[in-house]
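J.: Sequence:
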Amino acid sequence: MRLTDFWTRLEEAFGPGYAASIASDQVLSQLGGRTVEQALAAGEETHVVWRAVVAAYPDRVPARLR
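The working numbering applies: residue 425 is where the sequence shown begins, and numbers increase by one.
Errors might be hidden in some of the hints.
Computed beta-carbon distance windows for the label pairs [said to hold, decoys possible]:
#, residue 1, residue 2, range
1, Arg490, Leu427, 16 to 24 Å
2, Ser445, Ala479, 15 to 23 Å
3, Val472, Ser448, 16 to 24 Å
Honestly, the hints are just simulated from the structure, not real lab data.
We put the CB at the ideal spot given by N, CA and C, even for glycine.
Using the sequences and the hints given, assemble the complete structure.
T.: Structure follows, in structure tokens:
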């Protein structure tokens, strides 16, 4: 998954403002206690980070974006 696709999906699932907050503020155990931004900056693959977001927020991410 391209990085631009990742951000598009995140914004579709959460809205632009909340997506930014999810990415910078929410620590996900699926990412080893890092935020989305930290995981991406550390070189984690976008599809791995996306799967972590889906696992953390299964009711927020529509099936078509999974």
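J.: For each hint, tell me whether it holds in the structure or not.
T.: Verification of the hints:
1. Arg490 / Leu427: 16 to 24 Å: Holds, since Arg490 and Leu427 (Cβ atoms, about 18 Å apart) stay within the stated range.
2. Ser445 / Ala479: 15 to 23 Å: Between Ser445 and Ala479, where Cβ atoms are some 18 Å apart, the hint holds.
3. Val472 / Ser448: 16 to 24 Å: For Val472 and Ser448 the Cβ distance comes to about 18 Å; the hint holds.
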